[in-house]
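Enquirer: Position 162 of the sequence shown, counted from 1, bears residue number 162 in the numbering used here, the numbering being contiguous throughout.
Simulated from the structure, these hints should not be mistaken for lab results. Treat the hints with care, as some may be off.
As the list claims (entries may be wrong) - Here are the computed lysine-lysine pairs in the BS3-like style, where the Cα-Cα straight-line distance is at most 25 Å:
(1) Lys95 <-> Lys167
(2) Lys177 <-> Lys167
(3) Lys3 <-> Lys95
(4) Lys95 <-> Lys119
(5) Lys167 <-> Lys119
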Amino acid sequence: MPKIITLPGDGIGPEVTAAAVAVLREVAPDVITEEHAIGGGAFDTHGDPFPQRTRDALQDADAVLLGTVGGAHDSPWNRLPRHLRPESGLLALRKALGCYANLRPVRVQPGLEHLSPLKPELARGVDILIVRELLGGIYFDGDRRLEGHVAYNTMRYTTPEVERVAKVAFWAAEQRKGRVTSVDKANVLEVSELWRRDVQALRDREYRSIHLNHEYVDSVAMLIVANPSRYDVVVTENLFGDILSDLAAVIPGSLGLMPSASLGDGPGLFEPIHGSAPDIAGQGMANPAAAIQSAGMLLRHGLGRPDAANQVDRAVALALRQHPTRDLGGQADTQTFTQAVLRALETSPAVG
């Protein structure tokens, strides 16, 4: 039986993770879930945002379902040394799993265009997959320092790192519309020159059926909201991908609609991309849609069950139409929305 490690984390993480687990058990009743600690709560309990017992639990996992980590800006956690802060636990988790490719779908469901802040004619039909490199670049490079009035961080990539994430983007494009946009800043950054050169060389060598376009990150930041339908698969490095995927989250209407899958050498990591929202934690107000959709991506990419994943996607779309959450202008709370998804799933038998 598949074993899923759940890491609810901080803030609204436990609430949305519980919703995702309920849906996962409904559509795939054979899975085993085992909960462990990560983030600020893990530091409070174990003195480490990524405790050894959590690391050990990952060894025989088939996939990992994560909630959220971190607290408010004035949280005592933010006054800890950087390596003990909740976010350091998340970075260490990604590295431990070898998750180098982060998939973030940006999709406007038919009939839900009104949820987007964009004009309906711009939002209609948007279906973008952002593939973000997750283990390299400025977030992970050890050449960094803060001393007095001087600080620096270094962005560094190697050809193998670029090629492995580009392969994921090209593979995804083969299942979609066959178009990849590679995002860089090659006009001013040497690391982006390497990125552009290596992505192009890989396409010319192994993926000639894919249409590849190169664009600068500042241009994409404008066009992804001004003309989002121009994009199919977008691949970029860690920092640019972090910013662009959060920017693109405005298109469906809320960060609460943005799931993600992080894939690589070991078990996949599946998580909503919204933050811990400590201001509403424990109030039952959080939108669990992204966490539930992340469970759907777990079924698709982690367990190889596309039919079950499609069930989840359809159920979430129906629940969004009938019971939108408060962040989308509706009245549904976490429990109401989750129950709406479960009722939608009950209309068809669970798929193995």
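Enquirer: Compare the structure with each hint and give your call.
Expert: Cross-check of the supplied hints:
no.: 1; hint: Lys95 <-> Lys167; in the structure: holds (19 Å)
no.: 2; hint: Lys177 <-> Lys167; in the structure: holds (16 Å)
no.: 3; hint: Lys3 <-> Lys95; in the structure: holds (20 Å)
no.: 4; hint: Lys95 <-> Lys119; in the structure: violated (39 Å)
no.: 5; hint: Lys167 <-> Lys119; in the structure: violated (34 Å)
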